[in-house]
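Peer 1: Here's the letter readout for the chains.
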Amino acid sequence: MKIEQYRIIEKSKFDDFINSLITFSKVVAPVYKGFKNYIFQEIKSAEQVSLKYIPTIIPPKKYFMPQRETILQFDVNNELKVEPIVEYENLVLFGVHTCDIAGIKCLNMVLSDKPKDTAYLIRKKHITIIGLECNDYCDEYASCSFVGAHIPTTGYDLMFTDLGDYFIVHIHSSKGTDIIEKTGIFKPAKDNNIEELRNLRAQKLKIFNNEVPTERRYLPDLFDRSFNASVWKELEQKCLSCGNCTAVCPTCYCFDIKDDVDLTLKVGERYRIWFSCQLDPFAKVAGGIDFRKERSARQRHRFYRKFRYHIDRYGMVFCTGCGRCSRTCMAKINLKEVLTSLIKESEAKIWRKWL
Amino acid sequence: MSKPKVAFFDFACCEGCQLQVANIGELLIDVLDIIQVVEFREVMSEKWDGEFDVAFVEGSITDEHAVKRIKKIRERSKILVALGSCATIGGVNGMKNSFQLEEVGRYVYGEFYKFFPTIHTKAVHQVVKVDYFINGCPIYIPEFVTVLKSILQGIPYYVPEYPVCVECKLNENVCMYDRGLTCMGPVTKAGCNSWCINNGNICYGCRGLTINPNIEGFKEVLKNYKIPEDFLMKKIDMYNKCKELDKQ
Numbered sequence: 035m036k037i038e039q040y041r042i043i044e045k046s047k048f049d050d051f052i053n054s055l056i057t058f059s060k061v062v063a064p065v066y067k068g069f070k071n072y073i074f075q076e077i078k079s080a081e082q083v084s085l086k087y088i089p090t091i092i093p094p095k096k097y098f099m100p101q102r103e104t105i106l107q108f109d110v111n112n113e114l115k116v117e118p119i120v121e122y123e124n125l126v127l128f129g130v131h132t133c134d135i136a137g138i139k140c141l142n143m144v145l146s147d148k149p150k151d152t153a154y155l156i157r158k159k160h161i162t163i164i165g166l167e168c169n170d171y172c173d174e175y176a177s178c179s180f181v182g183a184h185i186p187t188t189g190y191d192l193m194f195t196d197l198g199d200y201f202i203v204h205i206h207s208s209k210g211t212d213i214i215e216k217t218g219i220f221k222p223a224k225d226n227n228i229e230e231l232r233n234l235r236a237q238k239l240k241i242f243n244n245e246v247p248t249e250r251r252y253l254p255d256l257f258d259r260s261f262n263a264s265v266w267k268e269l270e271q272k273c274l275s276c277g278n279c280t281a282v283c284p285t286c287y288c289f290d291i292k293d294d295v296d297l298t299l300k301v302g303e304r305y306r307i308w309f310s311c312q313l314d315p316f317a318k319v320a321g322g323i324d325f326r327k328e329r330s331a332r333q334r335h336r337f338y339r340k341f342r343y344h345i346d347r348y349g350m351v352f353c354t355g356c357g358r359c360s361r362t363c364m365a366k367i368n369l370k371e372v373l374t375s376l377i378k379e380s381e382a383k384i385w386r387k388w389l
Numbered sequence: 033m034s035k036p037k038v039a040f041f042d043f044a045c046c047e048g049c050q051l052q053v054a055n056i057g058e059l060l061i062d063v064l065d066i067i068q069v070v071e072f073r074e075v076m077s078e079k080w081d082g083e084f085d086v087a088f089v090e091g092s093i094t095d096e097h098a099v100k101r102i103k104k105i106r107e108r109s110k111i112l113v114a115l116g117s118c119a120t121i122g123g124v125n126g127m128k129n130s131f132q133l134e135e136v137g138r139y140v141y142g143e144f145y146k147f148f149p150t151i152h153t154k155a156v157h158q159v160v161k162v163d164y165f166i167n168g169c170p171i172y173i174p175e176f177v178t179v180l181k182s183i184l185q186g187i188p189y190y191v192p193e194y195p196v197c198v199e200c201k202l203n204e205n206v207c208m209y210d211r212g213l214t215c216m217g218p219v220t221k222a223g224c225n226s227w228c229i230n231n232g233n234i235c236y237g238c239r240g241l242t243i244n245p246n247i248e249g250f251k252e253v254l255k256n257y258k259i260p261e262d263f264l265m266k267k268i269d270m271y272n273k274c275k276e277l278d279k280q
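In order, the protein sequence lines correspond to chains H and V.
Heads up, the first sequence is in our numbering, so the first residue is 35 and it goes up one at a time.
Heads up, the second sequence is in our numbering, so the first residue is 33 and it goes up one at a time.
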């Protein structure tokens, strides 16, 4: 912890900070929507911000990869004209939890892999991320400690940590420095502030305990043993295939591409829209064949996309422990419970082998 | 090239879907630039005795007279579109199929019911071939426009094969079940962009059950929310009763 990278801001000045931020940029922050639901949306004043919130319905992924995004426009009036489109705007995301930052890091990894997603990479440059550290669990669905997303590491421009009367702010990029300078409200951190941050982190190690009875490093083995586990068959009965789990997942990036023309039928656009492996048409191909017809196979696929396939390809777990999929599932398919059942079933198999 | 000749017809229905088309607003000018409406009882008195390029049919088929009439319309139309829930899935008229025809007749017409012969309610595709389906009670205008454009381009329109929840989640609505309400979104065909929920209402399931609904799973869900199973089955029957005729 280099002290020169830290600033502090008293809580009484917090509203001034947000209001000053709004004067020079579009600001997006968590806002309460009632019934224990929060969403990221543009704010016009500091009062709207919910500092204590459980993960929003949709993660801030929607600003990096919008639900519906125009990718090109075409005109066939005289000769074919095609124009690629990149939709972007300058944006400050305030109050992003470390789980959602982990999600954006996953997307960065995939979408900068070949073939690069140019629109995504351009959009990302225009977004500033101000994180907000969680001092405690948001609720019982989170498993951020299991995937190591409960402590800030990288992937943000500024990180706010609540230390009672004040926030300590970690500056992690030049974009972050710009905000500190432009708002002019922050004071340099002193040794005792750093000490308090250290104490908080030590305290967090006691609060955040591994939520799943295994370790991250054993995941590849666990999933290699579990492809035919009975757990998946149980999900066949439960899952409604509503696609909620994938829509709210910070690391799901599957999309469909569609064309739309105007009423002259000559001018139109091609757009992409979020799509989900949980839905019936997702794996349907010509001839009416469906590669993943059973709901169990689709759920299994989702889990392998989070805990197995991307470990081989990117060396990363694609679950951020935010708990959204479990929170939103009407059928009460709970990520932690599924993992725990897999572990139990797999342990039984190992014992049988030894006997 | 002359504009395609388009007609609107109605059978057993409330004519609300045609009203949606009549209420299309600013889009009307652009729409009328590309089609010629030759018959549309709700908005004009002219009739057409030739062939139709596209016929939009609202309403379900509920008596022998309607069967004959829809067959004639089919013969005269190059493309036939079922418009709205009554036409696509039988709609609320399908509830009639839960009763004996005589019982229904007596309830409505009393002792003279025999002068009003009736048959089981049918969706249009259960009587004649339908080329395009526009679901909804009433129809959702953006979907109507998309289908119209697909027809004119000569390409198929696929009604989404997933539930309303998908669109609802993308619109980031607070789930109706979180609000303590029962919503049909999880088992209802999408395509309406979760129109009702965006405006604070629950989904009534007017577009009909999705192609592969997990009804047993949904019953379990309702149990978790302490909603009686019977309540759900009634909600499903409200729009889906005619589906049974598809299975026969």
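Treat the hints as calculated values from the structure; they're not laboratory data.
C-beta atoms are modelled at their ideal positions from N, C-alpha and C, and glycine is treated no differently.
You may find that some hints are simply not true.
[Stated by the list, open to error] List of simulated lysine-lysine pairs, DSBU-like, C-alpha gap at most 35 Å: (1) Lys60(H) x Lys150(H); (2) Lys96(H) x Lys258(V); (3) Lys96(H) x Lys267(V); (4) Lys258(V) x Lys292(H); (5) Lys86(H) x Lys36(H); (6) Lys209(H) x Lys267(H).
[Claimed, not checked] Where chain V lies over chain H, by a calculated footprint (3+ residues, C-beta under 8 Å): (7) 275-285; (8) 291-304; (9) 309-315; (10) 364-376.
[As the list claims (entries may be wrong)] Some but not every residue of chain H turned toward chain V, in silico, with C-beta under 8 Å: (11) Lys45; (12) Lys60; (13) Gly68; (14) Asn71; (15) Ile91; (16) Val120; (17) Arg326.
Peer 1: Hint Lys45(H) vs chain V: min CB-CB distance below 8 Å?
Peer 2: violated (29 Å)
Peer 1: For the hint on Gly68(H), just tell me whether its beta-carbon gets within less than 8 Å of chain V.
Peer 2: At about 6 Å, which falls below the 8 Å cut-off, the nearest Cβ of chain V leaves the hint on Gly68(H) intact, so it holds.
Peer 1: If you look at each residue in the segment 291-304 of chain H, do at least three have a Cβ nearer than 8 Å to any Cβ of chain V?
Peer 2: holds (count 6)
Peer 1: Please work out if Lys96(H) and Lys258(V) have their alpha carbons no farther apart than 35 Å.
Peer 2: Distance of about 34 Å is within 35 Å: holds.
Peer 1: Going straight from one Cα to the other, do Lys258(V) and Lys292(H) come out at no more than 35 Å?
Peer 2: Distance ~40 Å between Lys258(V) and Lys292(H) Cα, so the pair is violated.
Peer 1: With a Cβ-Cβ cutoff of 8 Å, does the segment 364-376 of chain H contain at least three residues near chain V?
Peer 2: Contact hint for the segment 364-376 of chain H vs chain V: holds, 3 residues under 8 Å.
Peer 1: When you check the alpha-carbon spacing of Lys96(H) and Lys267(V), does it fall within 35 Å?
Peer 2: Roughly 34 Å separates the two Cα atoms, so the pair holds.
Peer 1: For the segment 309-315 of chain H, does the count of residues with a C-beta closer than 8 Å to a C-beta of chain V reach 3?
Peer 2: holds (count 4)
Peer 1: Please check whether Asn71(H) passes as an interface residue: C-beta within 8 Å of a C-beta belonging to chain V.
Peer 2: holds (4 Å)
Peer 1: Regarding the hint that Ile91(H) lies at the interface with chain V, is the smallest CB-CB distance below 8 Å?
Peer 2: holds (5 Å)
Peer 1: Can Val120(H) be said to touch chain V, with a Cβ gap under 8 Å?
Peer 2: Nearest chain V Cβ about 21 Å off; hint violated.
Peer 1: Would you say the segment 275-285 of chain H counts as covered by chain V, given the rule of at least 3 residues with C-beta under 8 Å?
Peer 2: holds (count 6)
Hint check: violations occur at hints 4, 6, 11, 12, 16 and 17; the rest are consistent with the structure.
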